[in-house]
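Order-wise, the sequence lines are chains B and W. Those letters in the first sequence? Residues 1 to 533, per the working numbering, in order. Those letters in the second sequence? Residues 1 to 533, per the working numbering, in order.
Be aware that one or more of the hints could be misleading.
Said to hold, decoys possible - Capping the alpha-carbon separation at 25 Å, the derived lysine to any residue pairs in SDA-like fashion look like this:
1) B:K128 - B:N389
2) W:K25 - W:R256
3) W:K12 - B:D412
4) B:K12 - W:D412
5) B:K25 - W:E354
6) B:K12 - W:R256
7) B:K25 - W:K423
8) W:K25 - B:N90
9) W:K25 - B:D412
10) B:K12 - B:K128
11) B:K423 - W:A4
12) W:K476 - W:V448
13) B:K12 - W:D361
14) B:K128 - B:N90
15) W:K388 - W:T371
16) W:K259 - W:V329
17) B:K25 - W:V448
18) W:K12 - B:V370
19) W:K12 - B:Q153
20) W:K259 - B:G55
21) W:K423 - W:V329
22) W:K25 - W:G335
23) B:K25 - W:N103
24) W:K25 - B:V490
25) B:K460 - B:N411
As the list claims (entries may be wrong) - Which residues of chain W face chain B? A few of them, derived with a C-beta cut under 10 Å, are:
26) G22
27) A204
28) P330
29) S385
30) N411
It should be emphasised that the hints constitute simulated quantities derived from the structure, not laboratory data. A virtual CB, placed ideally from N, CA and C, is assigned to each residue, including glycine.
2 protein chains.
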Amino acid sequence: MMSAYDFPLLIKKLLLTPLTRGSDKEIVYRDGSRYGYPTLRDRIGRLGSALTGLGVRPGDTVAMMDWDSHRYLECYFAVPMLGAVLQTVNVRLSNEQIVYCINHAEASILICNLDFLSAYEAIRSELKVERVIWISETGPLPAGLPGLGEYEQVISRGDPRHAFADFDENTPATRFYTTGTTGLPKGVSFSHRQLVLHALSTLAVIRLSGDDDVYMPMTPMFHVHAWGFPYTATLAGCKQVYPGRYVPEILLGLVRDEKVTITHCVPTILQMLLTSPAINGVDLRGLRMIIGGSAMPRALCEAALERGIDVFTGYGMSETCPLLAVSPVPSRLHGTDEEVVTRMKAGQALPLVELRVVDFDLADVPHDGVTPGEVIARAPWLTQSYYKNPEATETLWEGGYLHTQDIGVMNDQGYLQITDRLKDVIKTGGEWVSSLEIESIISQLPGVAEVAVIGLSDVKWGERPAAIVVKRFGAKLEAADVREQVMRHVTLGAISKFAVPEHVYFTEELPKTSVGKLNKRDLRRTFASPAPV
Amino acid sequence: MMSAYDFPLLIKKLLLTPLTRGSDKEIVYRDGSRYGYPTLRDRIGRLGSALTGLGVRPGDTVAMMDWDSHRYLECYFAVPMLGAVLQTVNVRLSNEQIVYCINHAEASILICNLDFLSAYEAIRSELKVERVIWISETGPLPAGLPGLGEYEQVISRGDPRHAFADFDENTPATRFYTTGTTGLPKGVSFSHRQLVLHALSTLAVIRLSGDDDVYMPMTPMFHVHAWGFPYTATLAGCKQVYPGRYVPEILLGLVRDEKVTITHCVPTILQMLLTSPAINGVDLRGLRMIIGGSAMPRALCEAALERGIDVFTGYGMSETCPLLAVSPVPSRLHGTDEEVVTRMKAGQALPLVELRVVDFDLADVPHDGVTPGEVIARAPWLTQSYYKNPEATETLWEGGYLHTQDIGVMNDQGYLQITDRLKDVIKTGGEWVSSLEIESIISQLPGVAEVAVIGLSDVKWGERPAAIVVKRFGAKLEAADVREQVMRHVTLGAISKFAVPEHVYFTEELPKTSVGKLNKRDLRRTFASPAPV
Numbered sequence: 001m002m003s004a005y006d007f008p009l010l011i012k013k014l015l016l017t018p019l020t021r022g023s024d025k026e027i028v029y030r031d032g033s034r035y036g037y038p039t040l041r042d043r044i045g046r047l048g049s050a051l052t053g054l055g056v057r058p059g060d061t062v063a064m065m066d067w068d069s070h071r072y073l074e075c076y077f078a079v080p081m082l083g084a085v086l087q088t089v090n091v092r093l094s095n096e097q098i099v100y101c102i103n104h105a106e107a108s109i110l111i112c113n114l115d116f117l118s119a120y121e122a123i124r125s126e127l128k129v130e131r132v133i134w135i136s137e138t139g140p141l142p143a144g145l146p147g148l149g150e151y152e153q154v155i156s157r158g159d160p161r162h163a164f165a166d167f168d169e170n171t172p173a174t175r176f177y178t179t180g181t182t183g184l185p186k187g188v189s190f191s192h193r194q195l196v197l198h199a200l201s202t203l204a205v206i207r208l209s210g211d212d213d214v215y216m217p218m219t220p221m222f223h224v225h226a227w228g229f230p231y232t233a234t235l236a237g238c239k240q241v242y243p244g245r246y247v248p249e250i251l252l253g254l255v256r257d258e259k260v261t262i263t264h265c266v267p268t269i270l271q272m273l274l275t276s277p278a279i280n281g282v283d284l285r286g287l288r289m290i291i292g293g294s295a296m297p298r299a300l301c302e303a304a305l306e307r308g309i310d311v312f313t314g315y316g317m318s319e320t321c322p323l324l325a326v327s328p329v330p331s332r333l334h335g336t337d338e339e340v341v342t343r344m345k346a347g348q349a350l351p352l353v354e355l356r357v358v359d360f361d362l363a364d365v366p367h368d369g370v371t372p373g374e375v376i377a378r379a380p381w382l383t384q385s386y387y388k389n390p391e392a393t394e395t396l397w398e399g400g401y402l403h404t405q406d407i408g409v410m411n412d413q414g415y416l417q418i419t420d421r422l423k424d425v426i427k428t429g430g431e432w433v434s435s436l437e438i439e440s441i442i443s444q445l446p447g448v449a450e451v452a453v454i455g456l457s458d459v460k461w462g463e464r465p466a467a468i469v470v471k472r473f474g475a476k477l478e479a480a481d482v483r484e485q486v487m488r489h490v491t492l493g494a495i496s497k498f499a500v501p502e503h504v505y506f507t508e509e510l511p512k513t514s515v516g517k518l519n520k521r522d523l524r525r526t527f528a529s530p531a532p533v
Numbered sequence: 001m002m003s004a005y006d007f008p009l010l011i012k013k014l015l016l017t018p019l020t021r022g023s024d025k026e027i028v029y030r031d032g033s034r035y036g037y038p039t040l041r042d043r044i045g046r047l048g049s050a051l052t053g054l055g056v057r058p059g060d061t062v063a064m065m066d067w068d069s070h071r072y073l074e075c076y077f078a079v080p081m082l083g084a085v086l087q088t089v090n091v092r093l094s095n096e097q098i099v100y101c102i103n104h105a106e107a108s109i110l111i112c113n114l115d116f117l118s119a120y121e122a123i124r125s126e127l128k129v130e131r132v133i134w135i136s137e138t139g140p141l142p143a144g145l146p147g148l149g150e151y152e153q154v155i156s157r158g159d160p161r162h163a164f165a166d167f168d169e170n171t172p173a174t175r176f177y178t179t180g181t182t183g184l185p186k187g188v189s190f191s192h193r194q195l196v197l198h199a200l201s202t203l204a205v206i207r208l209s210g211d212d213d214v215y216m217p218m219t220p221m222f223h224v225h226a227w228g229f230p231y232t233a234t235l236a237g238c239k240q241v242y243p244g245r246y247v248p249e250i251l252l253g254l255v256r257d258e259k260v261t262i263t264h265c266v267p268t269i270l271q272m273l274l275t276s277p278a279i280n281g282v283d284l285r286g287l288r289m290i291i292g293g294s295a296m297p298r299a300l301c302e303a304a305l306e307r308g309i310d311v312f313t314g315y316g317m318s319e320t321c322p323l324l325a326v327s328p329v330p331s332r333l334h335g336t337d338e339e340v341v342t343r344m345k346a347g348q349a350l351p352l353v354e355l356r357v358v359d360f361d362l363a364d365v366p367h368d369g370v371t372p373g374e375v376i377a378r379a380p381w382l383t384q385s386y387y388k389n390p391e392a393t394e395t396l397w398e399g400g401y402l403h404t405q406d407i408g409v410m411n412d413q414g415y416l417q418i419t420d421r422l423k424d425v426i427k428t429g430g431e432w433v434s435s436l437e438i439e440s441i442i443s444q445l446p447g448v449a450e451v452a453v454i455g456l457s458d459v460k461w462g463e464r465p466a467a468i469v470v471k472r473f474g475a476k477l478e479a480a481d482v483r484e485q486v487m488r489h490v491t492l493g494a495i496s497k498f499a500v501p502e503h504v505y506f507t508e509e510l511p512k513t514s515v516g517k518l519n520k521r522d523l524r525r526t527f528a529s530p531a532p533v
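Chain B on its own, in the form it takes in the complex (with noise of 0.2 Å):
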């Protein structure tokens, strides 16, 4: 028994399959450069030979801040390969986020596109990490740059037979930053069993044919890593297209040119392509795109299938992979009224996800579709703990379940709706009231120039909703005018009578947070115990 092999779920595995089965399918980098699977295998050794002459050791992290490309993929592979974690910098932070994330992280190395050397140089004295391997796509480094030298050049000198050893399936592969509105940013990491059981749930249930597919990313690869398509494309043995920075021109003369079938990106994205003007040129029939990050709103989604594109949701966070829902079409709602609806759901569970919707004692709602609870989540790949971070690790994991801060609905068939942000809903007399809701019933009243609902805690409710309103120049209302227009909406039906509001505050102004979004949290702060009007 000495000799059974006991097989780990390692990152390396996911180079398999293209390889034992032949795949010809080419690794495409904008119109850089262009190789086989082979050549993937022999840079993937070159580089983790390289790492490995540079002093990087299992436990060590790389930090890495590119565009989209060829180079992020061997990445993805050669630094978890040796038992190092990649670090996927979003090179759209602030600088200051920037710096806190990579010194955070510990990294060791920086592996840099040149197209940030000016970032760079700004938070170079407050960087923990000292040796960077700059990668060029314009000729030889600037004269005087310190460093390790350019991409290429350190990689011809490692060995592209690298052996890369077996280890522990439970190491972590890649750690990325998600920032939220308040706070500082929270380190998220993957394990290698985490991302190929992530890989291979992925591959069951969107289907990349290894002969069939071209995949290309639409969501950054510093973003969840790419949402997973790359190792689950390269599971597939799949044809890949990177496209570098996003200029929709280039997506979109990319998908005519290598012929891509599958992609993923936020709505945002979707609309930039479907507005360029360089759309009208591309045949976009058949593409499949996965929107998630935020709602599909429906004009989107019918202005999408007009094109011909197969657009459906995907819906998942930065701590689950991210993927734990999709919402491909099933035959029999082809051509129905459903159809869109459909596509703009979250989806169905992926293969082995435990998907709830919970009420507050984590008791599942029905699933009638209407009936609102939070979403939590369980399944192999959601993220263990925020890097040195136990407190919000906790708080993630309340219950022994993620929860995921979302409100949504199920239906009869599984199918999670997303509603509401937990924020923004108000937990009272056992039901979830939505607070957005309540402000536009507010809002409606002639009187009103701006509204905030909040949620104060309650000893007998839990919480009861709260309205802060900024009354229009010299006009007249009283709290009880407020309480009227949200009864009128529950005689409607329309909403809980839980949502009338049990405290009607007026002030002069609202607080408001940086990007001019009403700042909820202030808010409650100053009104959590005031005296009522």
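Could you slot chain W onto chain B? The hints should help.
Structure of chain W alone, referenced to chain B:
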């Protein structure tokens, strides 16, 4: 970090997907029973609860003797979900073998269909297991029948909400016995993790749709757990049909009435279906059928294609869970000459399977479609040991790869084609030579009544072929004639020069096994070191 849920790959998790998705599909047993996934979950709970009440504990073994049924499916889940091992007994074995297997596995309870009552009575005194749950499809049990009662009565006393605890995913879940031509049956086990990963990878490549597919096995559930498909179909949330004892007319009737879309069988069953008069009333167009167990003859493949069956090969063995490869036809081959040939191949490796064709030093042979080598594999679902048999385990896993004992060739797209069994080839001069091919050449000599070719070990060449010849009565035949006959085919380029027998022995009779096959094991013993002729 205490609360984070570390998701184990347990068989019970396969039920999450159909239940979370609210599958409304049915589990159908012949004309006897049909119910939905919630009822399946309830009955699994009842069975688990009842078995617990009967004293079944983690690590215990429950043996099963039934035809393909919904009850078998319930046992596939409930028994492993208790941490116990489900032993799937091959009801076609001899009574002696059945006794050996059940005793060797140390089963503590037997679940047995009354159809096997006479076999049970014949072996009862030798069986160590004393407690039997009977399955009766024909009313009350015979008066005075000892045992724990009838299956339906037993589970009716169980709690449908029985809670199944989490435990180590490496816990054994199933066990069955393989019978070779020689030696005692060997016990093969699979863990929860292995079965879950096999199901997920199978789903990714075979692609069962919970909405559109209807699954029915035509390989028995006692045989490598029906190739794992009941687990895969459950994970997909498909409608599932279990046909009881295999009767061609009933199988065809179920395909028609229940609209089966995917099944699997050995070539013999396909042959039985195609020659059944009942086939003319059944539209088989679009039925996906995976063929395994032995090579699919071309004529059979073509006959199935003529009926519109989407027939293709699956490759594996009992020790491999079983699937290692499948041969779906890529779209570019549809309608080409290569299509039929591709469907007959063992196929391309499943996701996460490392499938290699190697020479004597475990080095890969060229993937040129012609160079033969031994097929070896690694995957996350290969049995780690034969039960209580470390010597056979070590042989199976020599060098850290599972040895299939098959000889094959691989082409540049990674399609494997099996050409021989290892026991039928001779390793000589760095090449594999097929003994069956040399036998076929020698048997064309008019003086030859019978011939066997075996490999005898040789210090210089590894092995050298020896021909053991039975002359026709009165024929004049010398060793030189035999060598010349093979040499003629060498000159034609039909076979390697290493195929020319080093030794030629004449004998009166060739030893045979009980089923009339050449007993090469005996021949090797007899001729291992005789005086050369």
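Structure-based check of all given hints:
1. Taking the CA atoms of B:K128 and B:N389, the gap is about 20 Å. The hint holds against a cut of 25 Å.
2. Distance hint between W:K25 and W:R256 is fulfilled; the C-alpha atoms sit about 17 Å from each other, no more than 25 Å.
3. Straight-line distance between C-alpha atoms of W:K12 and B:D412 comes to about 21 Å, which keeps the hinted pair within the 25 Å bound.
4. For the hint linking B:K12 to W:D412, the alpha-carbon distance of about 21 Å falls within 25 Å, and the restraint holds.
5. Using a Cα cut-off of 25 Å, the hinted pair B:K25 and W:E354 holds, with the two alpha carbons roughly 19 Å apart.
6. Restraint check: the Cα-Cα separation between B:K12 and W:R256 comes to about 45 Å, which exceeds 25 Å; the hinted pair is violated.
7. Pair hint B:K25 plus W:K423 does not hold up; C-alpha atoms about 37 Å apart against a cutoff of 25 Å.
8. Taking the CA atoms of W:K25 and B:N90, the gap is near 44 Å; set against the 25 Å cutoff, the hint is violated.
9. Among the hinted pairs, W:K25 with B:D412 is consistent with the structure: their alpha-carbon atoms are about 13 Å apart, no more than 25 Å.
10. A distance of roughly 30 Å separates the Cα atoms of B:K12 and B:K128; the hinted pair therefore is violated under the 25 Å criterion.
11. Only pairs whose Cα atoms come within 25 Å are accepted, and B:K423 paired with W:A4 is accepted, the gap being roughly 22 Å.
12. Note on W:K476 and W:V448: the hinted pairing holds, with a Cα-Cα distance of about 10 Å set against a maximum of 25 Å.
13. For the suggested pair B:K12 and W:D361, the alpha carbons sit about 24 Å apart, so the restraint of at most 25 Å is met.
14. Using a Cα cut-off of 25 Å, the hinted pair B:K128 and B:N90 holds, with the two alpha carbons roughly 18 Å apart.
15. Restraint check for W:K388 and W:T371: not satisfied, since their Cα atoms lie roughly 37 Å apart, outside the 25 Å limit.
16. Simply put, W:K259 and W:V329 have alpha-carbon atoms about 23 Å apart, close enough for the 25 Å limit, and the pair holds.
17. Our distance criterion of 25 Å between C-alpha atoms is broken by B:K25 and W:V448, whose separation comes to about 52 Å.
18. Under the criterion of a C-alpha separation no larger than 25 Å, the hint pairing W:K12 with B:V370 is inconsistent with the structure, at around 29 Å.
19. A distance of roughly 51 Å separates the Cα atoms of W:K12 and B:Q153; the hinted pair therefore is violated under the 25 Å criterion.
20. Taking the CA atoms of W:K259 and B:G55, the gap is about 61 Å. The hint is violated against a cut of 25 Å.
21. Of the pairs offered as hints, the one joining W:K423 and W:V329 is violated, with about 30 Å between alpha carbons and a cut-off of 25 Å exceeded.
22. Straight-line distance between C-alpha atoms of W:K25 and W:G335 comes to about 34 Å, which puts the hinted pair past the 25 Å bound.
23. With a CA separation close to 52 Å, the supplied pair B:K25 and W:N103 exceeds the 25 Å bound.
24. Among the hinted pairs, W:K25 with B:V490 is inconsistent with the structure: their alpha-carbon atoms are about 39 Å apart, more than 25 Å.
25. Distance check on the hinted pair: B:K460 and B:N411 sit about 31 Å apart at the alpha-carbon level, beyond 25 Å; violated.
26. With its C-beta approaching chain B no nearer than about 4 Å, W:G22 sits inside the 10 Å limit, and its interface hint holds.
27. Interface restraint check for W:A204: the shortest CB-CB distance to chain B comes to about 4 Å, inside 10 Å, so the restraint holds.
28. At a threshold of 10 Å, the smallest CB-CB gap from W:P330 to chain B is about 4 Å, leaving the interface hint in force.
29. The restraint placing W:S385 at the interface with chain B holds, with a minimum CB-CB distance near 5 Å, inside the 10 Å limit.
30. With 10 Å as the threshold, the beta carbon of W:N411 comes within range of chain B, its nearest partner Cβ sitting at about 8 Å, so the hint holds.
Against the hints set out earlier in the document, violations occur for numbers 6, 7, 8, 10, 15, 17, 18, 19, 20, 21, 22, 23, 24, 25.
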